[in-house]
Amino acid sequence: MNCQDARRLLHHVLDDEITLPSKRQLESHLQACSSCRNVESSLDRLTTALEQLADVSAPQGFTAHVMQQLQPVRTYTSFFSRMRGVCAAALLFLLLATPVFVWSTLSSPQLVADDRQVIVQEGNRFIVPYGEVVKGDVIIYKGILEIQGEVQGSIKTVDASIEVGPNGSHSGVLRRVDASPKAKLAVALAELWEKVKCLLTGND
Amino acid sequence: MDLVDQKLMQKAKRGDQAAFAELVDKYGDKIYAYLYRMVGNREDALDLAQETFLRIYSNLQNFKLGQPFKPWLYRIATNLAIDLLRKRQPVIALDAPLFADEPLRLELAEQGPGPAEQHEQAELAAYLAQKVAELPANYRSVILLRHGHDLSYQEIAEILQVPVSTIKTRLFRAREALRLKLIEERSLWEAECK
Numbered sequence: 000m001n002c003q004d005a006r007r008l009l010h011h012v013l014d015d016e017i018t019l020p021s022k023r024q025l026e027s028h029l030q031a032c033s034s035c036r037n038v039e040s041s042l043d044r045l046t047t048a049l050e051q052l053a054d055v056s057a058p059q060g061f062t063a064h065v066m067q068q069l070q071p072v073r074t075y076t077s078f079f080s081r082m083r084g085v086c087a088a089a090l091l092f093l094l095l096a097t098p099v100f101v102w103s104t105l106s107s108p109q110l111v112a113d114d115r116q117v118i119v120q121e122g123n124r125f126i127v128p129y130g131e132v133v134k135g136d137v138i139i140y141k142g143i144l145e146i147q148g149e150v151q152g153s154i155k156t157v158d159a160s161i162e163v164g165p166n167g168s169h170s171g172v173l174r175r176v177d178a179s180p181k182a183k184l185a186v187a188l189a190e191l192w193e194k195v196k197c198l199l200t201g202n203d
Numbered sequence: 000m001d002l003v004d005q006k007l008m009q010k011a012k013r014g015d016q017a018a019f020a021e022l023v024d025k026y027g028d029k030i031y032a033y034l035y036r037m038v039g040n041r042e043d044a045l046d047l048a049q050e051t052f053l054r055i056y057s058n059l060q061n062f063k064l065g066q067p068f069k070p071w072l073y074r075i076a077t078n079l080a081i082d083l084l085r086k087r088q089p090v091i092a093l094d095a096p097l098f099a100d101e102p103l104r105l106e107l108a109e110q111g112p113g114p115a116e117q118h119e120q121a122e123l124a125a126y127l128a129q130k131v132a133e134l135p136a137n138y139r140s141v142i143l144l145r146h147g148h149d150l151s152y153q154e155i156a157e158i159l160q161v162p163v164s165t166i167k168t169r170l171f172r173a174r175e176a177l178r179l180k181l182i183e184e185r186s187l188w189e190a191e192c193k
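Sequence order for the protein chains is A and B.
Note that numbering that gives the first Met the number 0 numbers the first sequence so that position 146 is 145, with each residue one more than the last.
Note that numbering that gives the first Met the number 0 numbers the second sequence so that position 26 is 25, with each residue one more than the last.
Chain A extracted, bound-state conformation (with noise of 0.2 Å):
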């Protein structure tokens, strides 16, 4: 073995990339050679010192100080997982509530009509009073219409009847339905439009 090998194989030695026979023929060179003997020395110094270049420790509280950076990661998976009992709660609620609100909407005599606070209720008996005037248009599900004053918007009557008094007028278009499950439908999805306008507006 000459020193150009030996001293290629001592680099091998540093990283464990070495053969047992290329090992002792090696080990026989150095025996042999001083000069080769210093290189492994000088090796040897040098990556004691290298490993010694890592001996730095970070500033004190580092951990600490990278655990406030955190933002809070929310990914798909974490964040419908927590929302999960929330949305199927959500979900049953709309399921259950919107037939409970069409049946007791279709069991009693409705009116929608958007100048609703003019009509005055009597029972199943809707009112529009002498004097008032209704300008848009009226929808009314099984009850009785009485028209003292004017009604100038259209009418459509499901399962009514209409009752013009003496100085009653209504100059509008009217239409009688049956009380058709498609009829009721409309009716009912009408009177849960009115409620979910009055709860955005925030006025009764």
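These are computed hints drawn from the structure, not numbers from a lab.
Even glycine gets a Cβ: it sits at the ideal position worked out from N, Cα and C.
Please note that the accuracy of each hint is not assured.
[As the list claims (entries may be wrong)] To give an idea of the interface, some chain B residues facing chain A are shown, with a C-beta separation under 7 Å as derived from the structure:
1) Val3
2) Tyr31
3) Ala125
4) Leu127
5) His146
6) Leu181
[Claimed, not checked] From the derived model, a few chain A residues whose C-beta atoms are all more than 12 Å from chain B:
7) Leu9
8) Lys134
9) Ala182
10) Leu191
Take the given structure of chain A and dock chain B to it, following the hints.
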């Protein structure tokens, strides 16, 4: 593969911050030391070390369990260091000579008084730190990762995204160059003493 790391990463992925803090605690000093030797000053080293762990945290969900953690960590740190060095010196020649004319800035370690031998050792370390800092960045990262951070050829190749044969060549050349510098220094020092 480090099973402790895998366990901690598994917990951290599930949102366990204490597990993540343990990882920061375990590797904080090493990453800081590595970056300090890479970029040459404590301020930048601290910034980059923090950034390294913040990136690990924000990429937790991309980490596949079973993938070794340590090379991933060092890869992020290395990329941050190289980016910073590029900003400082826009052109890094890939075939730059081992010792460029213009040395990188490096704060020398403070040396307190001590026994002569300890003093010599500290002086040697400071001298070597200077010489390592003067190495081109692609040689410097290889030599630091191999010595002091105990990463294998294969892991270093993964970190730097170059073939293992390139790692071997760079290691050999960098060690030879540094060894000769050490011998030079030692003979100077001995001549002074005589």
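Against the structure, the hints:
Of the supplied interface hints, the one on Val3 of chain B is violated, with its beta-carbon coming no nearer than about 16 Å to a beta-carbon of chain A, more than 7 Å. At its closest, the beta carbon of Tyr31 of chain B sits 4 Å from a beta carbon of chain A; the interface hint therefore holds under the 7 Å criterion. Proximity of Ala125 of chain B to chain A is violated relative to the hint, the smallest CB-CB distance being about 10 Å (cut-off 7 Å). Hint status for Leu127 of chain B: holds, given a least beta-carbon distance of 5 Å to chain A, under 7 Å.
Because the beta carbon of His146 of chain B sits about 4 Å from the nearest beta carbon in chain A, less than 7 Å, this interface hint is met. Interface hint status for Leu181 of chain B: upheld, as the beta-carbon distance to the closest one in chain A is roughly 6 Å, under 7 Å. Residue-level check failed: Leu9 of chain A sits 9 Å from the nearest beta carbon of chain B, not beyond 12 Å. The claim that Lys134 of chain A is not at the interface with chain B holds, since no C-beta of that chain comes within 12 Å of its own (minimum 59 Å).
No beta-carbon of chain B comes within 12 Å of the beta-carbon of Ala182 of chain A; the shortest separation is about 53 Å. The claim that Leu191 of chain A is not at the interface with chain B holds, since no C-beta of that chain comes within 12 Å of its own (minimum 41 Å).
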